[in-house]
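Trainee: If you read the sequences in order, they're chains L and B.
1 is the number of the first residue of the first sequence in the UniProt record's numbering; add one for each residue after it.
1 is the number of the first residue of the second sequence in the UniProt record's numbering; add one for each residue after it.
It cannot be assumed that every hint is accurate.
[Said to hold, decoys possible] Coverage of chain L stretches by chain B, computed from C-beta distances (three or more under 8 Å per stretch; other residues unrestricted):
id	segment
1	74-84
2	219-232
3	269-278
It should be emphasised that the hints constitute simulated quantities derived from the structure, not laboratory data.
Given the structure is predicted, the values throughout are model-derived calculations rather than measurements.
We put the beta carbon where it would ideally sit given N, CA and C, even for glycine.
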Amino acid sequence: MVAAAEPLIRVENLVKHFGTTGGGTGRGRSRHGRAGRHPGAIRAVDGVSFELYRGETLGVVGESGCGKSTLAKLLMLAERPTAGRAYLEGRDMLKMSGAELRRLRRRVQMVMQDPYTSLNPRMTVGDIVGEPYEIHPDAAPRGDRRRLVQQLLEYVGLNPEHINRYPHQFSGGQRQRVGIARALALRPEVIICDEPVSALDVSIQAQVINLLERLQAEFGLSYIFIAHDLSVVRHISDRVAVMYLGKFVEVGTEAQIYARPTHPYTQALLSAVPVPDPDARAWRDIIRLEGDVPSPADPPSGCRFRTRCWRPRERCATEEPPLAMRAADPHPSACHFAELRHGASRW
Amino acid sequence: MTGLYSPPPKTGSGSAQAAMTGPYSPPPQTGSGSAQAAMTAMVAAPLLDVRDLALQFHTRDGVATVLNGVSYHLDPAEVLAVLGESGSGKSVTAHAIMGILDTPPARITGGEILYQGQDLLRMPESARRRFRGREIGMIFQDALSALNPVFSVGFQIAEAVRLGEGTSRADARKRAVELMDLVRIPGARQRVGEYPHQFSGGMRQRIMIAMALAQRPKVLIADEPTTALDVTVQAQIMDLLAELRRDLGMAMILITHDLGVVADVADRIVVMYAGRIVEQADVYQLYRTPGHPYTRGLLASVPRLNGKGAPLATIPGLPPSLTKIPTGCPFHPRCPYARDVCRSTVPPRVPLGIGRYSACHFAREVADGRRG
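Build out the structure end to end from the sequences listed, making use of the hints.
Mentor: Take a look at the structure:
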């Protein structure tokens, strides 16, 4: 991790609530189908703060509905936050407009999950990868664009001669490469990757992960890498944030989160990941969480995780634990009773 | 009622049979029969025995060879994992066993599927129906689309019960509640009248399991049962399946691409690639000393939870298009061990111990851990 003095992106207390009647995308409603019983907003992102440094990868892990994709949309300015601040090199991203906003959008790009639906089937790969130049004409002179697009295709391991082909002529892994080439076109500094490999087969997934790492080294990119697969996130991340019901519950270096987690949710998540080694049956000690994630329209009082927690106490119901340094290990954890799990380093 | 127990059979074995009256050429799998026979002779009669199954899809781009001589067996009470990536044929094989293939485009061109010695493929649909659900049950990846949104879950489970003979509506309803209890849906009695959308993903998968168990099958086929679920819910469902299997003495075929899930629950594994079985082994052997370069490549390319590590090993290239499967060994264009013989000759099943083989010309080198 190259920890420069000033973070590239700093986010303070970001909040996004979706109204349950009108407004918002309504997405939070259908998932549990219970929104009707819980009047009130869907609190998709409910107070998230972090810093992203130049050249580093911040992994964000969490289960479906925890708000990680909404967080990505907020950072892309595709959704307007309900509250909070976001700074790029100290400048408030949310107050930008006009030329400054356009420059911002060039610096922060995105790779999406589904390579089958995120590419327009009627456009050639050349048009898809070159489209950012249509939107930001000053990024590249018209005469250079075809050459640049071919160069981009080469960077991501595609044949530059395939510039006139259509998305359906490519496999899933190759389409994801097209999406990555498009994200690179404007030479961004930050790429937000929302589940970029979860739709891919194992052997192809490894190729795309390696590509992302190579590009990061080559261009000094910073990644925000959002995924539900904890093994993939560990592999690619310098720091990791664990998200539950709209909040970060634990943040630390990759080693802190995976070898010395102190939050019971992180511990349970890690213990539940199937280990690709049958010998692990002898020593695995899975923490079994009961039930499902509560509705984000009506999160539990106090600690949001307490209804599924495997070691809750009275205080958890009344007092919300802040994401703060804990005695158990020097990294932030949002648990009153943060502690290392005995023998946990075995995974 | 459609979409109730499992996708309804479109035409089923009728057309499959018709297809097989045509010229049947055995798949070019040298020595396959004898190796398999020797292996299955070691154990008591298998419950289910898929032999040399060959299947094509007729598509606009030509004939896709989806299965090319697939053979595997399932013993009573064991968990067999069928491991493979998209397009390897792992689900299609299961659909052929259940008799729920869409025909067309699918066409079975050879082989047999023996259930306790009876060939399911040569049975009229009326006879086959008695096996579906009662002998072999199946659950699917996407529980939401497999359930009917306009009927209550209790109604749908009861209907699965009533497919068996002589159960009254009232008894079926009672049994639905019992089944919901069995799969540990909290408050079954209160929730029996609710609709699929009122349940979470994990609970919907439990409902699917309840339906599959309604007639107490001896075999449960689970096709990617936890792929759509979060990791904590996945653990709950895998626990439930393991428990039910033990308590009810079922055998299970677990179809998955997830090397972690397989390592956790399987007794035995078959690995599929481009419509063939490339390796069969006991779970411990397969992870310790993979005998096929593809298996080896897969194991090396999985990111591990216990370390950050160097760049991931990758398998170069892409799986072949099933309309243009390479000559010889279908894996040769991506294989570090490939030599001339791999391009020209389909590899035989090289035995690597009891019940274990690898369809690779250099199987012993691979299993010994020598580099390609």
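Trainee: Now, for every hint given, state plainly whether the structure supports it.
Mentor: Hint check:
1. 74-84: Check failed, 0 qualifying residues.
2. 219-232: holds (count 5)
3. 269-278: holds (count 9)
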